[in-house]
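Colleague: Below, each chain spelled out in residue letters.
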Amino acid sequence: DGGITQSPKYLFRKEGQNVTLSCEQNLNHDAMYWYRQDPGQGLRLIYYSQIVNDFQKGDIAEGYSVSREKKESFPLTVTSAQKNPTAFYLCASSASRTYGYTFGSGTRLTVV
Amino acid sequence: GESVGLHLPTLSVQEGDNSIINCAYSNSASDYFIWYKQESGKGPQFIIDIRSNMDKRQGQRVTVLLNKTVKHLSLQIAATQPGDSAVYFCAEKVPGANSKLTFGKGITLSVRP
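Residue numbers (our numbering), protein chains in the order written: chain A, 261 to 372; chain B, 4 to 116.
Hints are computed from structural coordinates only; laboratory data are not their basis. All figures in this text were calculated on a predicted structure; none of them were measured in a lab. Mixed in with the good hints there might be a few duds.
As the list claims (entries may be wrong) - Okay, derived cross-link-like pairs now, EDC-like style, lysine to aspartate or glutamate, Cα gap no bigger than 20 Å in a straight line: (1) B:K103 x B:D52; (2) B:K108 x A:D298; (3) B:K71 x B:D34; (4) B:K108 x A:D319; (5) B:K103 x A:D314; (6) A:K269 x B:E42; (7) B:K45 x A:D314; (8) B:K103 x A:D319; (9) B:K59 x B:D34; (10) B:K45 x B:D87; (11) A:K274 x A:E322; (12) B:K103 x A:D290; (13) B:K45 x A:E284.
Taking the hints into account, I'd like the entire structure generated from these sequences.
Modeller: Structure, rendered in structure tokens:
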């Protein structure tokens, strides 16, 4: 079955470390997105990519980086510059001709 | 600020009753709206969508109503079940090739047994 997979489900980071969250989709979707969700909050857009080798900053890009070398993959790196990285991270994808997003199951990142 | 908002942060309903979740949007140019359901610790799941050329759309136990005059969107869930307990998000999209969904903050639906 087609879908979007995020890994790992839980991730722990020490202060000062960079960590990378994986997002892979086999839906043949052109666009991919990363969102951050804090407890009791909505979704805030970090980065998005409409096409391979191209991506744009969202509303809260500071302290994060992404790459889009393959259509199927859109990894997110949480750098040490992100001062409050503890959150639930969601990846999504969409086809160019449709409007809805398909979401992954999320990665919960905790700073220890 | 976000252009999509929800009137109430929480909603508690009795099992078997109908639920109505409301959403206000501010961009009159939005032409597509979607409702997502998010269970605890999971990613949002598509429930139902509607385009601006429609007023109402029905799915299985769910109905979305769109009132463009007052820029209001609602999700109706018939015969609410315990499995409906979740956070519900509305989202809107304006026309354009690179346009993205804008999400509301979400409302928690709690179903009492």
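Colleague: Now tell me if each hint is right for this structure.
Modeller: Against the structure, the hints:
no.: 1; hint: B:K103 x B:D52; verdict: holds, 15 Å
no.: 2; hint: B:K108 x A:D298; verdict: holds, 11 Å
no.: 3; hint: B:K71 x B:D34; verdict: holds, 10 Å
no.: 4; hint: B:K108 x A:D319; verdict: holds, 15 Å
no.: 5; hint: B:K103 x A:D314; verdict: holds, 16 Å
no.: 6; hint: A:K269 x B:E42; verdict: holds, 15 Å
no.: 7; hint: B:K45 x A:D314; verdict: violated, 28 Å
no.: 8; hint: B:K103 x A:D319; verdict: holds, 12 Å
no.: 9; hint: B:K59 x B:D34; verdict: holds, 14 Å
no.: 10; hint: B:K45 x B:D87; verdict: holds, 14 Å
no.: 11; hint: A:K274 x A:E322; verdict: holds, 19 Å
no.: 12; hint: B:K103 x A:D290; verdict: holds, 13 Å
no.: 13; hint: B:K45 x A:E284; verdict: holds, 16 Å
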